[in-house]
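**Q** This is what each chain is made of:
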Amino acid sequence: MPVELAPKGREIRSVWVLVFLLFVHLLLISVQVRSPSGAILLKQWALTLGTPLLNLSVAVGTAAEGAWTRYVWLRGAREENLRLRESVRALSLREAEYRELKQQNLRLRSLLEFAESLPLKGRSAQVTGRAPGYLAGTLLIDRGSTSGLRPDLPVVTAEGVVGRTVLVSPIGSQVQLITNTDAAVGVLVQRTGIPGVARGMGSRTMEVSYISNTEQVDVGDLIVTSGLDGIYPRGLPVGRVTESKKGNLVYRHIVAEPAADLMRLSEVLVLLENRWPEAGQQ
Amino acid sequence: MKYLVLAASSLLVVVVQMIAGRIVFLFNFLDLSLLLIAYWALYRNRMEALFAGSITGILLDAFLGWPLGYHGFGKTLAAFALGRASKHFTLTGRAIRFFAVGAASLLSSASVFLLLLALQRSTEALFLGAALVQALFTALVAVALLAGVDAYASARAGGVAE
Numbered sequence: 001m002p003v004e005l006a007p008k009g010r011e012i013r014s015v016w017v018l019v020f021l022l023f024v025h026l027l028l029i030s031v032q033v034r035s036p037s038g039a040i041l042l043k044q045w046a047l048t049l050g051t052p053l054l055n056l057s058v059a060v061g062t063a064a065e066g067a068w069t070r071y072v073w074l075r076g077a078r079e080e081n082l083r084l085r086e087s088v089r090a091l092s093l094r095e096a097e098y099r100e101l102k103q104q105n106l107r108l109r110s111l112l113e114f115a116e117s118l119p120l121k122g123r124s125a126q127v128t129g130r131a132p133g134y135l136a137g138t139l140l141i142d143r144g145s146t147s148g149l150r151p152d153l154p155v156v157t158a159e160g161v162v163g164r165t166v167l168v169s170p171i172g173s174q175v176q177l178i179t180n181t182d183a184a185v186g187v188l189v190q191r192t193g194i195p196g197v198a199r200g201m202g203s204r205t206m207e208v209s210y211i212s213n214t215e216q217v218d219v220g221d222l223i224v225t226s227g228l229d230g231i232y233p234r235g236l237p238v239g240r241v242t243e244s245k246k247g248n249l250v251y252r253h254i255v256a257e258p259a260a261d262l263m264r265l266s267e268v269l270v271l272l273e274n275r276w277p278e279a280g281q282q
Numbered sequence: 283m284k285y286l287v288l289a290a291s292s293l294l295v296v297v298v299q300m301i302a303g304r305i306v307f308l309f310n311f312l313d314l315s316l317l318l319i320a321y322w323a324l325y326r327n328r329m330e331a332l333f334a335g336s337i338t339g340i341l342l343d344a345f346l347g348w349p350l351g352y353h354g355f356g357k358t359l360a361a362f363a364l365g366r367a368s369k370h371f372t373l374t375g376r377a378i379r380f381f382a383v384g385a386a387s388l389l390s391s392a393s394v395f396l397l398l399l400a401l402q403r404s405t406e407a408l409f410l411g412a413a414l415v416q417a418l419f420t421a422l423v424a425v426a427l428l429a430g431v432d433a434y435a436s437a438r439a440g441g442v443a444e
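Chains A and B supply the protein sequences, listed in that same order. Using our numbering, the first residue of the first sequence is number 1, and each one after it goes up by one. Using our numbering, the first residue of the second sequence is number 283, and each one after it goes up by one.
Hints were generated in silico from the structure; no laboratory data involved. Just so we're clear, the structure is a prediction, and the values are computed from it rather than from any experiment. Note that CB positions come from ideal geometry on N, CA and C, so glycine has one too. Check the hints yourself; a few may be wrong.
As the list claims (entries may be wrong) - Footprint (simulated), chain A over chain B, 3 or more residues, beta carbon under 8 Å: (1) 325 to 333; (2) 359 to 365; (3) 417 to 430.
If we strip away everything but chain A, and leave its shape as in the complex, we get (with noise of 0.2 Å):
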């Protein structure tokens, strides 16, 4: 025995069916009727409904594989812009490099020029250290005993005296700067050939003492090396004159700044002889 709807569910039911018969008329008719255009009205149904879903789809398709293709592009972008920038990098460094090498090359071809132009035994030295502290006044090179080095030879480059070595190990040296407080230099004033002594100030620069206030010196004046002091050959560049007044005592009051720069030393000359030699071993 069929089981009874209850009133509601034929309601329901009912309805289903009535549009369910209505669909199917508009769909007999839509295959049958043309349009003014001549289409088939199911295909232009189909085409009128389909298209926003269509478009829909085309358009979610196009967002979706947009979204993915600049995801895989940025990400092909960024491992590209990190290997561009690894190579920057490498080769700003190869750059600087070579202008550092080039620099050095300048330098060292100044330095070997000036060592050819002394008549005194060299060795070129790299500066590898510098003590601790703006003003330490002490810098490491790499060049000691076994390359001939020893205590209080004169450390030189072709703009002037850089200072002395100190202390030699076998492999290395520690040299005392010019403007190291403990620091003094036997020198002369090259224009009027008055003697003095340049001591470190502990700082950039150096005080010229004993030279009388009678005597005349101008800013400008070159300081080099008077060989008194047994250490550095004489005539060596040691710093120009940037202050000179009379003193309060008997000595003016000389301030000089180095000739070499040595903030920015990187190779020097060290030599092995402390005066010139004489005139007929020459």
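For chain A, the structure is supplied; the task is to place chain B on it using the hints.
**A** Structure of chain B alone, referenced to chain A:
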């Protein structure tokens, strides 16, 4: 079986409609298929009435040479409306029967007319006028026929009781 009867009766109604309409002009204003649908909706089963409307409508289209579906759509709607009316109202009085059948006929014709309009088919205002006349005439005949059915049913019920 009952759907076979339904299909056969629908076919018979449409054939009669065609033949009668050719012989007697007035029959062109009588919607016999709607009478069948009304009978099914009011006396038989509302669900079956929906199928009766669909089948008669499709057959009508087939015989008229119209694209299948126009009359099927209209007659199905009419069957549904009549079924609903019979559920919510007591359609035993002549006046209400007249009104219900007439409204269903108008609904059927109007839906066909709207379909034609929607599908950009050529339509004439005459169609609506004819539909109105058809609705009145069909409703009138339906009231008479259904009264006959009622009388037959009550006579049969009386016979069975005796």
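**Q** A separate judgement is required for each hint: does it hold in the structure or not?
**A** Against the structure, the hints:
Proximity of the stretch 325 to 333 of chain B to chain A, defined as three or more residues with a beta carbon under 8 Å from a beta carbon of that chain, is established by the 4 residues found. Remark: the stretch 359 to 365 of chain B is confirmed as covered by chain A, as 3 of its residues place a Cβ nearer than 8 Å to a Cβ of that chain, reaching the required three. Counting residues of the stretch 417 to 430 of chain B whose CB lies closer than 8 Å to any CB of chain A gives 0, so the stated coverage by that chain is violated, three being the minimum.
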